[in-house]
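Peer 1: Please take these sequences and the hints and turn them into a complete structure.
2 protein chains.
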Amino acid sequence: MARRTDDVDELVETACGDGPGKPRAVARLISLVEDDSPALRDVARALVPRTTGAHVVGLTGSPGVGKSTSTSALVTALRAADHTVGVLAVDPTSPFSGGALLGDRVRMTEHATDPRVFIRSMASRGHLGGLSAAAPQALRVLDAAGCDVVLVETVGVGQSEVEIAGLADTTLVLLAPGMGDGIQAAKAGILEIGDLFVVNKADRDGAATTRREVRAMLSMTDRVDGAWKPPITLTVATTGQGVDEVVQHIEEHRAHLESSGQGERRRVARARREIEAIALGEVSRRFDHLSGDHRLDGLAADVVGGRQDPFSAADSLIAGL
Amino acid sequence: MARRTDDVDELVETACGDGPGKPRAVARLISLVEDDSPALRDVARALVPRTTGAHVVGLTGSPGVGKSTSTSALVTALRAADHTVGVLAVDPTSPFSGGALLGDRVRMTEHATDPRVFIRSMASRGHLGGLSAAAPQALRVLDAAGCDVVLVETVGVGQSEVEIAGLADTTLVLLAPGMGDGIQAAKAGILEIGDLFVVNKADRDGAATTRREVRAMLSMTDRVDGAWKPPITLTVATTGQGVDEVVQHIEEHRAHLESSGQGERRRVARARREIEAIALGEVSRRFDHLSGDHRLDGLAADVVGGRQDPFSAADSLIAGL
Chain V
1 MARRTDDVDE
11 LVETACGDGP
21 GKPRAVARLI
31 SLVEDDSPAL
41 RDVARALVPR
51 TTGAHVVGLT
61 GSPGVGKSTS
71 TSALVTALRA
81 ADHTVGVLAV
91 DPTSPFSGGA
101 LLGDRVRMTE
111 HATDPRVFIR
121 SMASRGHLGG
131 LSAAAPQALR
141 VLDAAGCDVV
151 LVETVGVGQS
161 EVEIAGLADT
171 TLVLLAPGMG
181 DGIQAAKAGI
191 LEIGDLFVVN
201 KADRDGAATT
211 RREVRAMLSM
221 TDRVDGAWKP
231 PITLTVATTG
241 QGVDEVVQHI
251 EEHRAHLESS
261 GQGERRRVAR
271 ARREIEAIAL
281 GEVSRRFDHL
291 SGDHRLDGLA
301 ADVVGGRQDP
311 FSAADSLIAG
321 L
Chain L
1 MARRTDDVDE
11 LVETACGDGP
21 GKPRAVARLI
31 SLVEDDSPAL
41 RDVARALVPR
51 TTGAHVVGLT
61 GSPGVGKSTS
71 TSALVTALRA
81 ADHTVGVLAV
91 DPTSPFSGGA
101 LLGDRVRMTE
111 HATDPRVFIR
121 SMASRGHLGG
131 LSAAAPQALR
141 VLDAAGCDVV
151 LVETVGVGQS
161 EVEIAGLADT
171 TLVLLAPGMG
181 DGIQAAKAGI
191 LEIGDLFVVN
201 KADRDGAATT
211 RREVRAMLSM
221 TDRVDGAWKP
231 PITLTVATTG
241 QGVDEVVQHI
251 EEHRAHLESS
261 GQGERRRVAR
271 ARREIEAIAL
281 GEVSRRFDHL
291 SGDHRLDGLA
301 ADVVGGRQDP
311 FSAADSLIAG
321 L
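The listed protein sequences correspond, in order, to chains V and L. If you read the first sequence in the working numbering, its first letter stands for residue 1, the second for the next number, and so on. If you read the second sequence in the working numbering, its first letter stands for residue 1, the second for the next number, and so on.
Simulated from the structure, these hints should not be mistaken for lab results. By construction, the Cβ of each residue, glycine as well, lies at the ideal position given by its N, Cα and C atoms. Heads up, a few of these hints could be off.
Now the stretches of chain L that chain V is said to cover, found in silico as 3 or more residues with beta-carbon under 8 Å [claimed, not checked]:
#: 1; region: 40-52
#: 2; region: 80-86
Here are the computed distance ranges between Cβ atoms for each label pair [claimed, not checked]:
#: 3; chain 1: V; residue 1: Ile318; chain 2: L; residue 2: Ala208; range: 36 to 44 Å
#: 4; chain 1: L; residue 1: Gly19; chain 2: V; residue 2: Pro231; range: 55 to 63 Å
#: 5; chain 1: L; residue 1: Met220; chain 2: V; residue 2: Ala208; range: 50 to 58 Å
#: 6; chain 1: L; residue 1: Pro231; chain 2: V; residue 2: Ile318; range: 36 to 44 Å
#: 7; chain 1: V; residue 1: Pro231; chain 2: L; residue 2: Gly178; range: 43 to 51 Å
#: 8; chain 1: V; residue 1: Lys229; chain 2: L; residue 2: Gly206; range: 35 to 43 Å
#: 9; chain 1: V; residue 1: Arg285; chain 2: L; residue 2: Ser31; range: 30 to 38 Å
#: 10; chain 1: V; residue 1: Arg307; chain 2: L; residue 2: Ser31; range: 24 to 32 Å
Peer 2: Here you go:
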């Protein structure tokens, strides 16, 4: 036990320092928190006092809008503005894929040797609480390691797009011309949660139309933060066109969050969700232990046999905690 | 309170009877359990003694393999074999879509007037526990209403395919020729959980090849139920070709489950997951109440301020239950 804590302290020391082992230590810590390892608590305890409040930018958008390319272009622009940048690519729909399957999705070789860029793919592996349980731990590692901006790119569909907004300080919604993305966005509820909208592939026909459609839909939407008017930027991520403007909007939104008090509220709400997710995971583990002593099996047999309804069985389970 | 229970008892009476209000009462009960209404407990309590153990067949497969058409063809074949049939179409990826968006996906007008077919679309609406929390309640309604076979069709990708296997007695994996489905299946882990494999659109080129590929992959897979050798059937759902054979395999698998004891084990495991999901939902609700009295906010502010790590905050939360 003592040994393990020592190792964690040493890893955290290295990850937060500037020595040669830093990138490796950061990667190792993220693996630890991603695997839900027993060291998770020690890692969190050692990291919490070292975090400084990295600005988390969530990138979301349908497949084909150019998410990876945009992420890479944003890293370039953020580095040019002297930020230390973390990138987390999360695939919440693949409980079976480890990091390996995802590895090839993040093709950012140009940043691979930059000591102030940290890139990591992670799967949420069907964790209870999914993204909301594993990703905050990984964000904390990147924050403590000195990243002042972390881009979280979600590979996936549906619910993840809303989950990412729960994690992010700034939610950036990527669209592309002629993909019916406007309607998709309306369906998924991301109009309400997007802080910045980016129409990528703006060298194609229809970019201006897409911008106009999004603007019209935004004007009809009740937004979470009514005081912020989301800008809609046209970009060509492959050439970098418009990307500096996006970075500028990220800075403006960050300033708005701080001056309006929204930033603190979002951070507290995020911590609240994180605590809840951890607590539910812990309760679930305790249920599994109960299941080990056949209490849960007995309740389940009662439900199957029609002798008890599942709600009163659940009450017994909670009472046994 | 008494009033509400009376209403529920009356609804359940009508849904389980043979009177003219039956289809409406079944639909109303499913709406009640889907909406996580306060009457949920009363509904479950009234239904549990009336269930007889409907056989649940989960249908899963990538978009484009012909899931809705296959479901419809299976209903026809099951009705010809004198079964009373329930159909539940679940979309777990759309927390925002109500039943309305899904309604048009289940185009089974030919069964709409058959009094022994009950068709219902439901979204899992980001319920904690998703499918595993809401669907068992809906299955219970259909079971108590006299359906002896219920088809559960999942519209969606990834995790849902594995979740459906947790719900079903028989998991039917639909494939189509030339869609790279074999590899998809291997990735999603459904080779391990499929009890029946169906290559639909078998009038197209490549059906035999797909069957051969699946057979080869199955022979290399460690399966959950090693004693059952999953048949691979070729069908053309639009004409009904091969569908009777699928129904026959469903019956064979059902008989295997009962003779091997697997059936009872699966039902108990399913009830266990259901109880756990309900209990976790209840714990989550209690956390939300704690959040009402600002305890959780205080813990979250401590985490944001670096004064406490989220794991010890979660411990405090559980201690406060």
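Peer 1: Against each hint, give a clear statement of whether it holds in the structure.
Peer 2: We went through each hint and held it up to the structure:
Residue count for the region 40-52 of chain L with a Cβ under 8 Å from a Cβ of chain V: 9. That meets the three needed, and the coverage hint holds. Counting residues of the region 80-86 of chain L whose beta carbon lies closer than 8 Å to any beta carbon of chain V gives 0, which falls below the threshold of three, so the coverage claim is violated. Distance hint check: the CB atoms of V/Ile318 and L/Ala208 are about 53 Å apart, inconsistent with the given range 36 to 44 Å. Taking 55 to 63 Å as the suggested C-beta distance range, the pair L/Gly19 and V/Pro231 conforms, at roughly 60 Å.
Take L/Met220 and V/Ala208: their Cβ atoms lie about 53 Å apart, and the range 50 to 58 Å holds. Checked against the hint of 36 to 44 Å, the C-beta distance between L/Pro231 and V/Ile318 comes to roughly 43 Å, which is consistent with it. Between V/Pro231 and L/Gly178 the Cβ separation comes to about 44 Å, which falls inside the hinted range of 43 to 51 Å. In this structure the hint that V/Lys229 and L/Gly206 lie 35 to 43 Å apart at CB is violated, the actual value being about 53 Å.
A C-beta distance of roughly 34 Å is found between V/Arg285 and L/Ser31, which places it inside the suggested range of 30 to 38 Å. Between V/Arg307 and L/Ser31, the C-beta spacing of about 27 Å keeps the proposed range 24 to 32 Å intact.
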